[in-house]
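> Below are the chains, spelled out letter by letter.
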Amino acid sequence: MDISSNIFEKIKKELKSEISDNESILLKANEIDLGVVKKHINLERITEIIDSYSLEEENKKLTNTIAVVYNGNPYVTINLCMQSLTSKNKIILFYDDFMLGVNSVLIAIIQNVLKEYKLDDLVLAKELSKNINFEKLANQLSKIVVIGKSNFYKKLKIDNKEYFPSNNAVLYCDNDEAEEVKNAIYKYSMETQEELEIVDDENLENLINTINKDEYINTIIVLTKNNTTKDIFSKKILEKEVYINQNPYKDEKIKIYKYF
Amino acid sequence: MAKTKYSIKDILENVGVLYPFEYISSICKYNAEEKSITQFIEGMNRIINTYGNYGYKNPINGISDKFFSEFEKLYKKNSDIIDVPSLIFITAIQLGIDIKDPNAQDSLYIPRVFLRKERENANEYIRRALESVDTVLCTNEGDVIEALLPKVYLNPSKYYIEENGATKIDNTKCIPNYEQKMRLLEIVKDQNMDFGYLLKYTHLEDLEEIFEYPQIGKAVMLKMLEKAKKINEKPHLMEMTDEQKQDFYYLRSISKDIRVLQIRDNSEDSPNIYVDGGTKQKYDVLDFMKVSKDVRIYLDLKKFMIITAQRQYERHGNNLSEFTQNQITELNDFCARVGTILKETESDDKNSKDYAEEFERVMKNVKNLNKHFLYGKYYTSEEIRELANLFSNGIRSLDELSKDEILEKICFSFSEIDKMYDKSPENFEKLLNLGYTNKDVIKKVISNKENIKANQLVIMYMQNLIDSKEFIDFYLQSDGNFENTRILREDELKRKEFEEILTEKQLIDLFLNIDKKEEFEKYSKLFKLFKIDGKELSEQAEIADNILEQSDDLLQNDNMFRLYNLGLIPIDKIVDYMGTDGVIELYKDGKLKHEDAKRMYDSGILTTDSLVKLLKEPKMEDDEKLVLIYSAFSEDKYTELRNLLIETISKIQIKNVSTQSRKNNNPNPNPTPNPIATSNRYVTDPCARWNLMAKFDPNYTVEYCKRDGHAIIHLPSLDKHIIEKIFEKDSKTGTHKWAYGRATYIIDELVYSEYEKDIVLKDDDKTEAIDRNILVKLGKEKEGTEKIVHSGWGKKMCEAFDIDTESLYSQEQRDEIHKLAEQVEKSKKMIFE
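Sequence order for the protein chains is A and B.
For the first sequence, this note's numbering assigns the number 1 to the initial residue and increments by one for each residue that follows.
For the second sequence, this note's numbering assigns the number 1001 to the initial residue and increments by one for each residue that follows.
In case anyone wonders, no lab produced these hints; they're calculated from the structure.
Ideal Cβ positions, reconstructed from N, Cα and C, are used throughout, including at glycine.
Just so you know, not all the hints are guaranteed correct.
[To be verified] What the simulated footprint calls covered on chain A by chain B, stretch by stretch (three residues with Cβ under 8 angstroms from a Cβ of chain B suffice, anywhere in the stretch; the number is not a length):
no.	region
1	30-39
2	98-108
[Stated by the list, open to error] Capping the alpha-carbon separation at 27 angstroms, the derived lysine-lysine pairs in DSS-like fashion look like this:
no.	chain 1	residue 1	chain 2	residue 2
3	B	Lys1819	A	Lys130
4	A	Lys213	B	Lys1757
5	A	Lys235	B	Lys1777
6	A	Lys250	A	Lys225
7	A	Lys161	A	Lys258
8	A	Lys13	B	Lys1819
[Unchecked claim] Partner residues are not named here, just some residues of chain A that face chain B (Cβ under 7 angstroms, in silico):
no.	residue
9	Ser5
10	Asn22
11	Leu27
12	Asn151
13	Tyr186
14	Gln193
15	Glu195
16	Leu196
17	Glu197
18	Ile198
19	Ile208
20	Thr210
21	Asp214
Isolated chain B (complex conformation) (with noise of 0.2 angstroms):
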């Protein structure tokens, strides 16, 4: 036979060491204070992780004497809000212990509030049981809790306590047992109350703890019989609109707390119409709250709303570690409907002022309860706190939490905003996405920054924590990633916003101040950004002018040369102000943009002559004078121009032996072979290769490398450098032959800058050799770099800088194939049939 008593002692000697949270927070007392409760189960983590870490399945041996005393100590500090029979329940469970009414030698006692939570673990507790007792009945009979074993009746008192015997546990109250409240029924029925009936059905130990004292509670009982009798006499039911009706729901499922607040129908004389749940009982929500009016004043409405929500619970069965997020949830939507009831019944009420502070403060304390609910667990304020620091410290992502949860839970303070913008950068962008919304916070934290992210400004902006003005002062101050800021310029009005403030003259204040060369850089980008891109050819002119007009000291060689190359004035500028020479001389030196190289040989500009000339240099080697032969004209309508060019190169010693001779089989390879298409994977002759350049950006620059044959190809639309070796060069026989098999890297402006000194070896500042391990190390490493090699050049080009590219396979080829797959099939079942 199972024991049946059990002291505290017994009870923490037995009970093992870790109980689950949501066990150690089932033990405490609804009305605890919340504060009382973090300090209890601090107290007990601290003892847990003092003097025993056993776990619950080796309980019994696991428990030193120190811990035990610990625990008292605690226990007796704490016990106001401890729910004793709850702590034996758990302990039961946990131990596979039956627990046995000392009152009835046949009945069991299971505290409520594990009917409502612990449903699983009750049945197989209840089971258990069953298969030990003969006889599973409750000798209080009426005391009936809805089907959890079917037929079988248990006592659902609260608390478990024999008043009589000697089993009294200290600091827990007493309970009036039925033949008290049969004894409170004699009085009703005395009174000639036909209401009385109900009381046979009414759990008194639940007004008890409704309203703030047991007497209170009684007074209450038999005020609110009589205010319901009088309520009785009146029409009893109104049309109910569904919001009421489900009102109804909730409030039916107090009544079984609350039973005395039922209201009767017609049928007065019969009790079996009380019967609960019974089809014939009606409610009436706003007689209820009348009738509730005059003794709420007595109401613990904290109490109230959090049995209703519990009451919820029942019905919708959620399982344990969920309850106590919908508990809350449930609760907050619950406390607004009461709070709606309650106002439009109070108007006439003296304490209504009172009774709404109250109500709000409840409510407060609600939600603030809710705040403190993450992962389905409560934390502590501090526990809070150490959680935002690993997000702050970038340990942990924000992705595990949901917006509301991080803006409204977690609220990081201004030093973990701090923290993460320099520890976390991905949960900061985060924070900034789900819609932060402090614009003096995030101000402050990027104001003190040397390091300022342009990608995260773009956030900001467009969650409007920073408007254009604040965007480009900081935006000066960032490291300058253009990436995101292309977006901007999509909507109009923004783009029109920062053309306004963007000026030609603050642009050449930068651009004439040396100490200010970065910031002139950032500058001139958003300025084009804004300003220049996307405008026809004599707009650009104006803002030309516009920008010339500035200082006479724009007009040297050098500065023009710089802010063409910046894409601030269009070559038309340098024509006009410094005529074909200066087209010549950028032409030269790699810097005349191809689509512009093509339109100035159209119009005239730069003639075939004056190209001729530039060739026939000396001191410019054969390898540099093919690049710009190449870079510029590699579209077929120029074939006739190339070849006249390449013709016009004395000691050619280029050795042509890349793939053009598999295309072609030409033993005497033409020195311009036939591109071909950019979707082909083979592109490995130089025309294709500089067409592919032009499809990804016209207005792509070519800077060579002399020593080594590799050129840096700058395409400024995209933000992008490409490093493709051109030429092998043999130092020791001076020859030099196409470059085919070296793999091409594509890095981002931002990885570029960074790294330039490092790829790019310059002798006397002029671009000599490339660095490969360099390369190597930021296409393995780097984001922002990629390593394309040859074999698929083209399409693994185009999927770099996202363009489709033609499948190799024609559509008739697929149909095709997928034919064939289709016959696999088709075979397989004629060999079965």
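One chain only, chain A, in its complex shape (with noise of 0.2 angstroms):
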């Protein structure tokens, strides 16, 4: 199985023509979704994922297989894909059940182009659930990665394992007036089942502290008047995503890491 740069940018086209072809089955699978979880599916945002990579190296073998484990995030899923193929390892997706009708489409569509050009096995995908042994698993894999589900992999008992945030969230409010503002975020995260804590410690050091330390958090929404305090969170958070008086889930620009 070899993947050159000319392959991978028929694969590009070829995805990118099969989402707008099968627009309206993601579409419906979207409206099945919405009956669960409030998250409409932005098929542009798919293709300008697909547009920002490119093939990392020409030669390299395809050698190792990765499971990865995250909540279902189609968005999540096109990025797993891009980077399996631009990285050359296998990867078997373990998907929760977040917008479980786009992500099944999604996950069909890109296996189905796969397919094409004897890549069947590069992408595979199971819906999580509680009978599969992970730890037995590991054995035969170069790792489990772990996208956002943190108590999960605390109890992932292997050493061949790599976590990632995946919008894990912090929310900082010291404004009366944002009262509305904090609660719309909030219900937003639940309604979309992204990961946020409203925390109202006053000792601000502390707080910072506490969330530099945490590598589980990887985003920090604070709503405040005070410059002292905006100073404080953008100069003092480190490495983390920092949103003052912004909305970080505008534009599903989830935060997206090399994963493999």
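Join these two chains into a complex; the hints should help.
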């Protein structure tokens, strides 16, 4: 199995065209999702994600098999698929039921396209269930990547595991006038299953220290009018996304990492 | 042309420094004492470590004079155990040198040991040799090694010696050459032995190796020939059982070494029938043993068996790394079989006793040898102890080895296990789980420990290393972890055993002894688990009576409440001895169990009036009252009562801005929002929260932190605590509102008791607030602590308690999604069609 630049570009083109051809199916699936989770799929965003990737190494051989456990966010799915192609790693996706409809259809599209290029087993996928013995499975894999599901990661008793946050956010608000915005963000996070904890600590130094030490958190939302507070957060929070009086969920710009 | 002769100096100068271990062991003779081999290898390692570490890829430049002289000294000291031809051959393979037979210009010598072990290397070596010489043919006709290369005849003489030449190597023994063998053949012929034709195909050197002295070997061979002749006069074959056939094949492989043992068939005049491996050839295992019976006192059994095992190896063609282990395993099996055959034929043997002892000794040695093979290579006794030390210190995991290797080869000593207990609980547990059997060692190890782990005690009990009484005694000194102890209750016999040993008297003796507080708590847990849990209320009441009979002091309110809180007496006993006031007091303090609160209300002991009266208590704040109401009466059927009780709270200032407004869009939310199914991800309203707690453990109790609005919910049946922020309290305005955004923490009992003082901030011994920084730290670092963020709270909580939740998608929705995914493929096909 070899993925040259030429083939990679063909796959990208094919994927975009398939997503466009299957738009009505994807939107139908999204309708089912909306009964469960209030999240509309943005197909243009998916196309943008596909376009953002290019092949890393022309002659690299496909060797590793990596399992990925995540909530099933379709934007993460397409990123994982593209990273699988660019890094030439086989992946097995274990997805939870977040946007199950769109995600299932998207995976079907991806697998269909890959099949044409005889890359059938590059991206395998299975819904997450309690019956899967990851400890046993880990012996046959290069590693297990866990995205966002921190408790799952913590309980996983293997050495070859790696964690990446996925919109794991903390919201700090000291502005009474922003109470409604805070509630709206909270409500949105509940409806879209984004992990959000609202904190009200009076000691900001302590709070920031705690956040900085917590690798499970990657997003901080601050609602404040106070310039000192703004300064403290923007300067002292390290290696995490800080949104001061901004909505991080706008435009589906989920923080994506290089997972493998 | 390749160099044809090598002295030891040549070899050492060219050999490079690092022989692989297998090679080193291979260059030692098989009859060498294990100790000598070990010493030789140790010496070699020492020299390598001190004077050279260059690797054979750069051998020529890599050897220092000092290395050479040291090595030579070592060689001289150990010359009796080094198999020189093997050393030469290894060197040749390592360096790509062809070794030519000095006796014959166009033949090759390959020490036999490497034909057995180094099949691939030997093939390669021969291939290279074929390229460099015109003819590769052994001049000693008839000595045929089975097809390494088709039609290539090799001299399989074990020793590379030229008797008449100038290159005889010191300290090696001479082996009869072809001419000598032919002379022997003539002797046999002179004696008119038909069987003598066999000699043409005899490897005399093997006989000499098998027998202690060469001269005996020759004598024995002649004697055996005589015997063989006699046997040949009898009907020669018998029907063989499967087992005998198996032995036959082993012996047939031996026959390459001891062909003289072959028993010919009727066509005795034709020499062709004796051709090695010929189809007409017949063997009789028992006849062989009869033949050998008279002479086997001379037989070196160890060599005999090892050679046999090697022949088996040849047949299987295993690779070098597996060879050592497989060889020994097969050797064990073979020894057992040979032992059986020998016993069957030795009854009239005057030396049978000595022989049996010798056999046992050899067996023991062989078995002992087996104990030294780990990770596919030989470990000295000292190295095994070093390895054991690594396991004891937790530097290496016992997962690396099999059960037999751990229990029969590593054989941990007391001190090693003692150290392992402290340094590597994982390895210690693994050792217990594998079925380590020495009770005395285990008891001795844990007897002098202060940090006994209850989970390990459970394994010890399950593995019969300690009995139930010892379990209880050790448990009182343990960390009190109850997680695995519950398993013991699943076996009714075990439960009864514990039920009989645990007594009300000991329980109360510990209860009343203020110095034994911790022991009491542990004992009470066991007592409750084995004697109370799962019993009918009437039986529980009977046990409670037995407990209360132990001392009048127990009837004091505080003692009664404490026994109730620990689940040792039911709420009915509080009612019996203290009336409704006792129940109200418990309720007020948040100590009345959820299930009991409902039962007391349903049975009329706790009345609406008494509850209203309690809630009018001026010293209680609204949030405290609300927690009391919701935590006890969250179910639907208490909606009316709940609303009535909430109305009695005079100055309600609770703001209800939670997501229930999202649910019903009611501008004037009812103080009691509708409960939401526990499977729903958006559980944030008070009733649903408490309903979910009750689902986890109906006996939960609640401790409320007045200062910051946290609740500590204790789930006694699950040994867990949940810390949940119930109210946001505004210290400036004095108002509070339902909290909904803070993460929930689920903490195991063991972790909670360890960190309780840090987590719960108390004023005047009353719970006031929670230090969330500690919670965050525990949630991140400590096993036994889970952080649950409110999006998807219900589902995540259920997952944490291992309760199955319904999928958010119905089966219909799933079917529909499946169809849509299928359509993707179909649409694709249609496009292509």
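> Check the structure against each numbered hint from earlier and tell me which ones fail, lowest number first.
9, 11 and 19
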